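J.: Since the structure of chain A is already known, use the hints to place chain B on it.
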Amino acid sequence: MDDMLDALDLDDVDDLFADIPEEIRIDALDLPPGMPEQEVERHVDGLLDSNRSFRDMPSFLGGGIQPHYVPPAVEHVVARSEFLTSYTPYQPEVSQGILQAMFEYQSVVCELTGMDVANVSMYDAATALGEAAGMAARSTRGSLFLIPENLAPEKKSVLGNYLWSTDLEVREIPVVDGRVDLDAAMHLAKDAAGIYLEQPNYYGLTENRVDAVKALAGETDALLVMGVDPLLAAVTRPPSAYGADVVIGDGWFGCPMNYGGVRLGMFACKRKHVRQMPGRIIGATSDSDGKRAFCMTMQTREQHIRRERATSNICTNQALAAVAFAAYAGLHGATGLQCLAAENMRRARYAAEQLADIGFELPYDGHFFNEFVAVPPVDAKLLNDRLLRQGIHGGLPLREGPGNALLYGVTEMHTRDMIDDMIAATADVIGGNDV
Amino acid sequence: MYRMASYDEPLLSELPASRDTDDIDELPLPGDLRRDRLDIPRLDERTLVRHYIHLSQMNYGVDTGIYPLGSCTMKYNPRLGERLAARHRMTLLHPHQDASTVQGILEILYHLKEQLCAITGMHAFSLQPAAGAHGEFTGMLIARAYHEQQGEQRSEVILPDSAHGTNPASAKMAGFDVVEIPSREGHVDLDALREALSEDTAAFMLTNPNTLGVFERDILEIAAMVKEAGALLYYDGANLNAIMGKARPGDMGFDIVHLNPHKTFATPHGGGGPGAGPVGVTAELEPYLPVPRVARDGDGYTWSYDHPRSIGRVSHFHGNVPVLLKTYAYLLRMGAGLQQVAEQAVLNANYLLSRLDDGAYTLPYPGRRMHEFVVSAEPLKDKGIRALDIAKRLLDHGFHPPTMYFPLTVPEALMIEPTESESRASLDAYAEGLNAVAVEEPEVLQRAPQLTPVKRIDEAKAARTPLLTWHDLEGQQ
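In order, the protein sequence lines correspond to chains A and B.
Following our numbering, the residues of the first sequence are numbered contiguously, the last one being 436.
Following our numbering, the residues of the second sequence are numbered contiguously, the last one being 1333.
Hints are computed from structural coordinates only; laboratory data are not their basis.
All of these numbers come straight from a predicted model, not from anything done at the bench.
A portion of the hints provided could be inaccurate.
With a Cα cut of at most 25 Å, we get these calculated SDA-like pairs of lysine to any residue [unchecked claim]: (1) A:382 - A:393; (2) A:157 - B:895; (3) A:273 - B:1320; (4) A:292 - B:1253; (5) A:157 - B:954; (6) A:271 - B:867; (7) A:215 - B:894; (8) A:157 - A:210; (9) A:273 - B:1321; (10) A:191 - A:144; (11) A:273 - B:895; (12) A:382 - A:355; (13) A:271 - B:895; (14) A:157 - B:888; (15) A:382 - A:402; (16) B:1317 - A:276; (17) A:292 - B:1031; (18) A:215 - B:888; (19) A:382 - B:1152; (20) B:1317 - A:215.
Quick look at which bits of chain A chain B covers, simulated, 3 or more residues with Cβ under 8 Å [as the list claims (entries may be wrong)]: (21) 98 to 104; (22) 327 to 334.
If you anchor each label on the Cβ, the simulated ranges turn out as follows [said to hold, decoys possible]: (23) A:29 - B:1321: 20 to 26 Å; (24) A:219 - B:1320: 29 to 35 Å; (25) A:40 - B:1077: 40 to 46 Å.
Glycine included, every Cβ here is placed at the ideal spot set by N, Cα and C.
Same shape as in the complex, but just chain A (with noise of 0.2 Å):
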């Protein structure tokens, strides 16, 4: 450092600082001297060891997040340092190979959702939620945002955010054996600015009704938002055949739980609805060789560019998560996907099943994905206390809907071994036989 001052002519680093007025200089922060590395390591594991994950404690916890399995590759290929540690790609002709799996990663997310532009990236699927209401406040005349009864709370609260400063105001259609009433949304419509549909919904049932859904979406100008599982569109029609608009959801492929953390939230629309859409898009073009080559594009609608008037505020995203997505969907291509998606269609079927043999209710008929509303003979939150003393976390307790209801979800990653030993633990606990 003196070398560098003697270079600058200054005898004192704090001469660097002297346009800070002397009312307001700290001599020094409070916080404890730096720990040198090792001991760092050693402490935060220790807090961390404080934890239980899936792997200390089955967890059947459902809540639009579940545990998937995350193929090494793909933790190899986003920890490469050069995507790792890059910036938002601002200089393409050094930065085309995170473009090029950003590209890679929008023609997957347009073949799962029959959607034409995709962008990179949003924060989650909620957030994605917001932005797609506002667009709809941008780009109709309606005055309402119509969600399902049983959108998840959080999304509500969410949404409720994003909506704060537009005219729309939201409004619930109501719901009917655990799915949403499209006769009453049908009467709703025609105020509506947006329309948001899930696949599955909040209690993990799929919609059936699609045909219904498509006849609403002829019937307005509303724009259709659908909210889709990845892995489950991999074998459902796409949104784009019953009149989607948008395209929303949670994007966690590659991705683990992260207590909720790092995945992404994917936004894909058709494309007349491109120049409202927020968020970066990558486009391809040529070098001045006509090499083929891939940027950032359609920057006018962004706030570096547009500030105020931008589509949105959104700069950093979550990008690397869209790499391990894409290589996710590499990995295991259409078929291996859709083997998944009936697999862990199977094992929550078998679940359910199982439960219900104990004496759950099971409150809704028809299909569902990886997740179900079951209730319990017995108190849920006694049964959930009991279960955990036993290193079982059972199901969500739902806050709306139907009384005493759990939230399982099951996906590849719980085996049949726990399952059975979760039933068992369940039905001892149901029996009073548990202590």
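T.: Chain B alone, transformed into the frame defined by chain A:
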């Protein structure tokens, strides 16, 4: 000299598909719900890994070399954070787990908030926002909720013309009209601010040091004026790296701040994210922070929801928790030594500035610079050289260019922030690169880059003819 690898790398969809196929099992779904076709290629692991390794080798990161993007604080990312974030007791946690089973991560988040309070002088933090702009949006929602609670309808947010684009966009998303005031000699123009402030002003958003790298010396007077008008003062933490351990936004009179751990606290930027955008507030504004909040509960920790004046949620779950974990590890490692981080960052910027040829790169506005500086390449314009050409030619010299054309108030702007991570030798080499480029033939610059995996990219064509998926590309052929 650094040369990037170059491949004619096919798209995922153009690579040879795996010979393995799965028989699709029987699907428990009704036929009319099922899709007919899905066209996603399946690659074997070796093919897929090679594909991404090739791509990664055509990408520049901080691990590759100096990455002095102004405003972005591209410092080195210590690897301990990656190791810790990969622990299964981080990755395999469900956000709805009973608090008794996640005491470790709750304690980490609780202490992280305390660390951030100590660094900024704020009273309380929310860790839920997922990025800087998300933090700004959260801060603006808090400002709105606060004024509404006071029974006031304040509709305007003021910001200087040098502000980051996210500032006006975030204010607008929260429902405010944006009032931009001109700067004077690289500073906030106090007269313009006085003129703009009114009973309609909800907040004044400011970066300090500002985007020119200049500390706003009148900050206390600015704070007094804003407070006098009944408005809130908002701190964009993009440039916090310059002042850690020297001064705190809270002491300057800021009411709301957002921070960028992916800049200031050395978590990797991942090609555009994930980051995080913690928001700190004064005691008066604490009731409005998002829920749930990590709180003490006897000897342990829990999530607390019962905050009736809260704005609610801005993320579905708890934000980008692994990024927050890495932040915590970085702050433990640095501790009070963050002051030396700021000193080295500011010294590095001033040293680099002193090494530049001032015949080619002029420094607009007098006065001291802190952790970054903006030079204008306007003297080279007569030769037909633009800031863009300089940036592209730097690529041929093996360097990542500075931020270009920002802030908008400086013509032919090159905004340079070397961070504390660079050595003197690295700074010397970068200065030599910039100086060398300035005296090269204009045609060489205008043709640059020639030595990168692709040559200069036609960005106008990309916007004119949007090709946004591999389907679009197939349609072209």
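J.: Are any of the numbered hints broken by this structure? If so, which, sorted upward?
T.: Violated: hints 2, 14, 17, 20 and 23.
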